[in-house]
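A.B. asks: Each chain, letter by letter, is given below.
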Amino acid sequence: MSHSNAASTEPTRRSYIGWLFGLCGAAVSALLSVPLIRFTLFPLTSTTTETKWSDAGPVADLQSSNKPKTSTVTVEQVDGWRKTISEKIVYITKDSGGKLSVLSAVCPHLGCSVQWQEARNAFVCPCHSAVFDPSGKCTGGPAPRGMDSLETKIEDGHLMVRYQYFRQLVPTKEVIG
Amino acid sequence: MATNATTSKRLFGWFDKRTGLDSLLRETLDEPIPGGARFAYVFGSALIFIFLSQVITGVFLALYYVPSADHAHTTVAYITKAVASGSFIRSIHAYGSSAMVILLLLHVTQTFLYGSYKGRRELLWLSGCGLFALVLCMAFTGYLLPWDQKAYFATAVGTNIAGEVPLIGSWLKSLMRGGADMGTLTLSRFFVAHILVVPAAIFGFVAMHVYLFRKAGAAGPISESAVEPTLAPEPFYPKQVIVDGIFALIIIAILATLSHFSPFELGPKANPADAHYLPRPEWYYIPIFQWLKYWPGSLSFLGVVVIPSLVAFFFASLPFIDRRMERRPWKRPVAVGTYVFIFLALFGLGGLSYQSDHGDPGYDAQLKAQAKATEAFMNKPFEAELSGVTGAAIQAAAADPVTTQGRKIFESNGCNACHGDGGVGGAAGPSLTGIHQRLDADHLSSLMKTPSPKMITGGMQPTNLPPDDMKALVSYLSSL
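Protein sequence lines, in the order shown, are assigned to chains W and R.
1 is the number of the first residue of the first sequence in this note's numbering; add one for each residue after it.
1 is the number of the first residue of the second sequence in this note's numbering; add one for each residue after it.
Pulled out of the complex, with its shape left as it was, chain R reads as follows:
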């Protein structure tokens, strides 16, 4: 036992002389906290913990994911439906983004209410604002990657907002999209931002944020002076580490339970021709999404760019504006009142968005149809993507000029808007795959000319085409 102890001590000594590990550990663990450990201080380390969880799950997801418009959705479906623990890991990652935003808001709120941004902490606050923006960037760029309907249309809206910026708007939008329209280049750009550029920036900002935090020192409870602490300090280790550890365990337990019992869904593949789809962003963007509805036409620049920029600027410059050393929230009615007002406004906007979606029967029905389409897709078993086709049937279909003509008619008449590209089905219209097994050519063309009442209720329009075009369309439909 004694020799063991000396051996490990000598080994540690050897290591320490070369790395300075001991002093590094002491520096980290003996961080003085005025007034001692508290649950109120857990959010910062919880954010680092959840960020690491996102990095780890993200690296693993990249084992199967392919960032291209024709494979992204298949590979995410493969992860979700086929790969062992795939749905679980993807869910931890997807729900993790929500957890990150929640923890970020809690961290900011705690810092704000405790007045912990005061007393030579302006740069610490600014680096935190940088991290806030970067986390929202991660959430925005990650949302597109599954390339399902939800992802595609939410990003179309998001990039359109960038187009509202005066002078450089349309250029900025094209820069983000990699061209005028959303497509495979958009996906590549978002992927690179999501896995390389933004995470690298986050690592840098976290290092800066932690360094500045240690330089300024923990602010301690609200009664404490922000500059010259008077309360007896207690080291970070072990009490605060234990508290932080317990909180991290609670978070991972919640994420794991949610991911196991209610896995994150994947909708049908993005169909850009679908004119009915109602895009809705992730919950944390809903208030902004609702806000944008109130700024039509020429005013949009004011509501979309100027006001949010002013709020962000005001928020970032808080420690420069609020110079008083008073930390107790009840002695800072203006600051706390403004903060509470902004939060209530965001909640209010969220409520209005919910009301306008579910109060309107048309919207409500469409959103329900979209949810149903997602559920139907989730219940279908995984189907591998056909590539390098040399199959005789497919070649014949491509070579038959009448069928090819029929496909053009199908697309130019907007049939794919409801029935999906290649008639695979969408939220608004059913799949037409294998329709020739249910309906013969004559029946099919008569149904298109005079749809059944049920079809009309579903939104099917009577099709009036010259006989030759109708024949071509039927030939195409029969090949599906």
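So that you can see chain W by itself, here it is in the shape it has in the complex:
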């Protein structure tokens, strides 16, 4: 074999070519890994989960009532390549100025469904008896904050609401998806 004596005379040339190879290989691999990295990081960089606006009813109808009104909104949630359509309970209330707001029925304490009690003119949570006034402000019980209001807008005379979940047991409203 010729390489036994070539090894002593050619090490610099061979190692130079070796480095060149390593460098070219690294450059090509780096280039080729760009699409693979983008592919993998896609769910991190774009909204793969999103909640669409849903219809809570015609504004005129909702304005006419003075009491908080129960309504179900259809929530379309996109989760990667699938979407789910589910129904959530919300309360539509009116402040003293007549402005409509939509409250999530999820109790900010531990997440039970808050119920409207006509007799007490208050929202009461059936689990740990948190009490909220008709505008959703906490007036008693263990809840760390008032009922969570949801984002709304008016479109073609309809009150549109974007349903969201909020972190429980914290004094401020924090979106969790």
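If you are wondering where the hints come from, they were derived from the structure by calculation, not from laboratory data.
Where a beta carbon is used, it is the ideal one built from N, C-alpha and C, also for glycine.
Hints should not be assumed to be uniformly reliable.
[As the list claims (entries may be wrong)] Below, a sample of chain W positions facing chain R; criterion: calculated Cβ distance under 8 Å: (1) Pro35; (2) Leu36; (3) Phe39; (4) Phe42; (5) Val78; (6) Lys83; (7) Lys88; (8) Ile89; (9) Gln115; (10) Trp116; (11) Arg120; (12) Val124.
[What the hints assert, rightly or not] Computed cross-link-like contacts, DSBU-like style, restricted to lysine-lysine with a CA-CA straight-line distance of at most 30 Å: (13) R/Lys372 / W/Lys83; (14) R/Lys81 / W/Lys83; (15) R/Lys368 / R/Lys380; (16) W/Lys137 / W/Lys83; (17) W/Lys52 / R/Lys380; (18) W/Lys153 / W/Lys88; (19) W/Lys83 / R/Lys408; (20) R/Lys81 / W/Lys52; (21) W/Lys99 / W/Lys52; (22) R/Lys380 / W/Lys83; (23) R/Lys471 / R/Lys408.
For this one, chain W is given, so just place chain R on it according to the hints.
C.D. replies: What follows is chain R alone, placed relative to chain W:
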């Protein structure tokens, strides 16, 4: 600098004592090639390179793919239409399968023309034949996974061929399909074969093939003796490595250009009720596909099983039959002539298939309609799949007995054969989704009773149903 060099040398020494890396590298890189490096020898390492590319892109595709009849198509559409670089990576993988087959044919042809299977290389040749079969298995199993029309019907045909095998045919077909019919179990089986079983076998066979190759030694040019090389050997590294590297770069450049400018398409979701669909396999199976047309009925067993098996057996036993040490192709007219004949026959069959598809106006129109349906699907934005439905409208539709009855009529009268399941549309018939916005109930039922001339040209049949059934059908159509 000097200390750096000694540090790296010491580090390498530490590593080498524990792994034997140095001798392993030398063993790999100093492989003697009689007569030196040549472009003719690139195909083997190119195949390993493209196989690794398939493994890597395959692993990444599995991040989003779900192997089930109700999700597979959606997830592939998601990869193709929504995920960043998704279409590119899927295209590299899909075109990569074609590249693999092309390189395989080039590798076999080079080995054959150079007579490199001669001289104690029978097992090397046999392990190569095993790899050939495994690569075709990969191509066949991977084809079904997108679960589009093309995938579904080509696999239906492919598994039907297995049914032609005498005695165990129908059992074999059921084994492949996971039951009598194609369905979600078929997809699971093909998926497991495609990502676990066959790749594992390929890794094993590649190891065996490379080991046997090194044991026998590179055969060198055609003038060289197959057993006792006389030409001065040159090590594999660096010249052959450079040549192999350049070739690998050319392949990846071609694949990347093709994938970027002409991404691999995905057709509409498989509709098993579509009776019009003309299944066509991937190009490398077209000659076999055409060949099968000439063996009807009782002869099919001969054409489908016996002749291909004989050819495969003859091909695999080549180094046992051809015992002469002569390597120059012009001194081996019978062997080379047979090889060329088989290739010309395959090309000829491919040409005949093209002619019979495009010579027949009915076929031609249907194939064009299928291509158009694929294009239309590709142009639609990605739509997420509805799951866990509690939507009031959908519940109401399911609960309404008249609408439910209408759906049964729609399916039992074969309306879904053209218009797709749930009226989503197919290659032969348009989508009926939202038809109530365009046509009211009376208009809809009168059009079904007496279709317009345009509809009749499209293949729409007049619908004759009892009034109650017609009402139910219209109610169902209006709910779409």
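A.B. asks: The structure should be examined with respect to each hint, and the outcome stated for every one.
C.D. replies: Checked hints:
| no. | hint | verdict |
| --- | --- | --- |
| 1 | Pro35 | holds, 4 Å |
| 2 | Leu36 | holds, 6 Å |
| 3 | Phe39 | holds, 5 Å |
| 4 | Phe42 | holds, 4 Å |
| 5 | Val78 | holds, 5 Å |
| 6 | Lys83 | holds, 4 Å |
| 7 | Lys88 | violated, 10 Å |
| 8 | Ile89 | violated, 13 Å |
| 9 | Gln115 | violated, 21 Å |
| 10 | Trp116 | violated, 22 Å |
| 11 | Arg120 | violated, 31 Å |
| 12 | Val124 | violated, 26 Å |
| 13 | R/Lys372 / W/Lys83 | holds, 28 Å |
| 14 | R/Lys81 / W/Lys83 | holds, 16 Å |
| 15 | R/Lys368 / R/Lys380 | holds, 19 Å |
| 16 | W/Lys137 / W/Lys83 | violated, 33 Å |
| 17 | W/Lys52 / R/Lys380 | holds, 20 Å |
| 18 | W/Lys153 / W/Lys88 | holds, 18 Å |
| 19 | W/Lys83 / R/Lys408 | holds, 27 Å |
| 20 | R/Lys81 / W/Lys52 | holds, 20 Å |
| 21 | W/Lys99 / W/Lys52 | holds, 23 Å |
| 22 | R/Lys380 / W/Lys83 | holds, 17 Å |
| 23 | R/Lys471 / R/Lys408 | holds, 13 Å |
Checked against the numbered hints listed earlier, the structure breaks hints 7, 8, 9, 10, 11, 12 and 16; every other hint is satisfied.
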